[in-house]
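K.L.:
Please model the complete structure; the sequences and the hints are all you need to start from.
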Amino acid sequence: MRAPRENASWIRDLRSCGPVQAEALTDLRELLLRGLAKSFQARGETDQAFVEDVVQQALVHILDHLEQFQGRSRFTTWAMAIAVRLAMSALRRTRWQDVSLESMSAPSEGTPAWDRDDTTSPAQYAEQHAILQTLTRLIAEALTEKQWLALTAELGGMPLEEIARRMGSNVNAVYKLLHDARQRLKHGLETAGYTAEDVRSAFA
Amino acid sequence: MALHPEQAKALTEMVLRTRDQEMTCDECLDEIAAFVEVQLTGTPLSAALQAVYEHLERCHHCADEYHVLRQALEALGEEEGR
Numbered sequence: 037m038r039a040p041r042e043n044a045s046w047i048r049d050l051r052s053c054g055p056v057q058a059e060a061l062t063d064l065r066e067l068l069l070r071g072l073a074k075s076f077q078a079r080g081e082t083d084q085a086f087v088e089d090v091v092q093q094a095l096v097h098i099l100d101h102l103e104q105f106q107g108r109s110r111f112t113t114w115a116m117a118i119a120v121r122l123a124m125s126a127l128r129r130t131r132w133q134d135v136s137l138e139s140m141s142a143p144s145e146g147t148p149a150w151d152r153d154d155t156t157s158p159a160q161y162a163e164q165h166a167i168l169q170t171l172t173r174l175i176a177e178a179l180t181e182k183q184w185l186a187l188t189a190e191l192g193g194m195p196l197e198e199i200a201r202r203m204g205s206n207v208n209a210v211y212k213l214l215h216d217a218r219q220r221l222k223h224g225l226e227t228a229g230y231t232a233e234d235v236r237s238a239f240a
Numbered sequence: 026m027a028l029h030p031e032q033a034k035a036l037t038e039m040v041l042r043t044r045d046q047e048m049t050c051d052e053c054l055d056e057i058a059a060f061v062e063v064q065l066t067g068t069p070l071s072a073a074l075q076a077v078y079e080h081l082e083r084c085h086h087c088a089d090e091y092h093v094l095r096q097a098l099e100a101l102g103e104e105e106g107r
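These protein sequence lines map, in sequence, to chains B and X. Heads up: the first sequence is residues 37 to 240, going by my numbering. Heads up: the second sequence is residues 26 to 107, going by my numbering.
These are computed hints drawn from the structure, not numbers from a lab. Glycine is no exception: its CB is placed at the ideal position from the N, C-alpha and C atoms. Where hints are given, some of them may not hold.
The calculated DSS-like cross-link candidates involving lysine-lysine, where the alpha carbons are at most 27 Å apart (straight line), are [unchecked claim]:
{"#": "1", "chain 1": "B", "residue 1": "Lys182", "chain 2": "X", "residue 2": "Lys34"}
{"#": "2", "chain 1": "X", "residue 1": "Lys34", "chain 2": "B", "residue 2": "Lys212"}
{"#": "3", "chain 1": "B", "residue 1": "Lys212", "chain 2": "B", "residue 2": "Lys182"}
A few chain X residues that don't get close to chain B, going by computed Cβ distances all over 10 Å [claimed, not checked]:
{"#": "4", "residue": "Gly67"}
{"#": "5", "residue": "Thr68"}
{"#": "6", "residue": "Leu70"}
{"#": "7", "residue": "Ala72"}
{"#": "8", "residue": "Ala76"}
{"#": "9", "residue": "Glu79"}
{"#": "10", "residue": "Glu82"}
Derived contacts from chain X toward chain B, CB cut-off under 7 Å, selection only [as the list claims (entries may be wrong)]:
{"#": "11", "residue": "Thr37"}
{"#": "12", "residue": "Val40"}
{"#": "13", "residue": "Thr43"}
{"#": "14", "residue": "Glu47"}
{"#": "15", "residue": "Cys50"}
{"#": "16", "residue": "Ala58"}
{"#": "17", "residue": "Glu62"}
{"#": "18", "residue": "Pro69"}
{"#": "19", "residue": "Leu74"}
{"#": "20", "residue": "Arg83"}
{"#": "21", "residue": "His86"}
{"#": "22", "residue": "Ala97"}
{"#": "23", "residue": "Leu101"}
P.N.:
Structural data, given as structure tokens:
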């Protein structure tokens with residue numbers, strides 16, 4: 037049995053051609069298949085065909101992007117991270133394919149009411165309600181419709197790449213849009229006199 | 026959809042965790058391989074990897090990818106250890 041390859045050997049062998057590259061690809065394919073199969077088996081949401089398809093895509097991507105490996109981890113960890121990213125992206129696309137942004141949106145105006153449950157004291161309920169009123173005002177005054185749409189989708193669990201796809205944007209731009217929205221709400225809460233401790237204890 | 030207590034709680038928590046400077050998802054995933062190795066070996070986090078840790082606390086999608094990657098590597102490590 038051959039010794040495990042070092043990072044430089046992986047790069048050298050994958051960049052070569054003929055049987056050397058073919059052997060490196062076979063080794064990498066088997067390693068990615070074993071890792072992903074175990075990981076997704078534990079989650080119980082995919083089958084072997086899905087894993088094999090993702091690994092094939094990952095190998096193509098890795099071969100095309102070898103120059104992006106900067107040696108900050110083992111090569112095989114970097115390669116596995118690429119395979120995981122492709123797999124998760126495919127799963128999210130399938131999971132969210134029939135959900136529109138609009139179906140996840142909440143009205144940006146008006147204060148919704150909720151019933152106090154048995155575990156919430158009247159004082160805590162009043163504090164929750166006051167914070168919600170402030171938040172509702174801040175959302176209406178400080179956020180754009182696009183920011184609120186993205187924020188409610190994120191609150192509903194929609195992945196950023198799916199929000200981006202629906203907005204015709206990219207993940208980084210959506211992250212920045214959401215970061216700006218969160219900053220505005222945070223600043224607004226602070227200006228209204230709420231500390232992080234106040235807010236957390238109200239919703240504890 | 027009106028915000029109910031759980032959503033209001035999630036929104037406020039999201040807002041409270043906001044920092045002026047934050048790593049984006051792409052920046053986080055670019056460092057995820059180095060981060061997972063450090064986590065698996067229990068080595069202290071560098072400042073750059075601390076930013077990954079903070080991003081994972083805020084972003085459950087990246088955290089999900091981290092956990093899958095970690096599980097895959099742990100499974101391979103167990104095989105090697107046999």
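K.L.:
State the violated hints by number, sorted upward, taking the hints as numbered earlier in the document.
P.N.:
18, 19, 20
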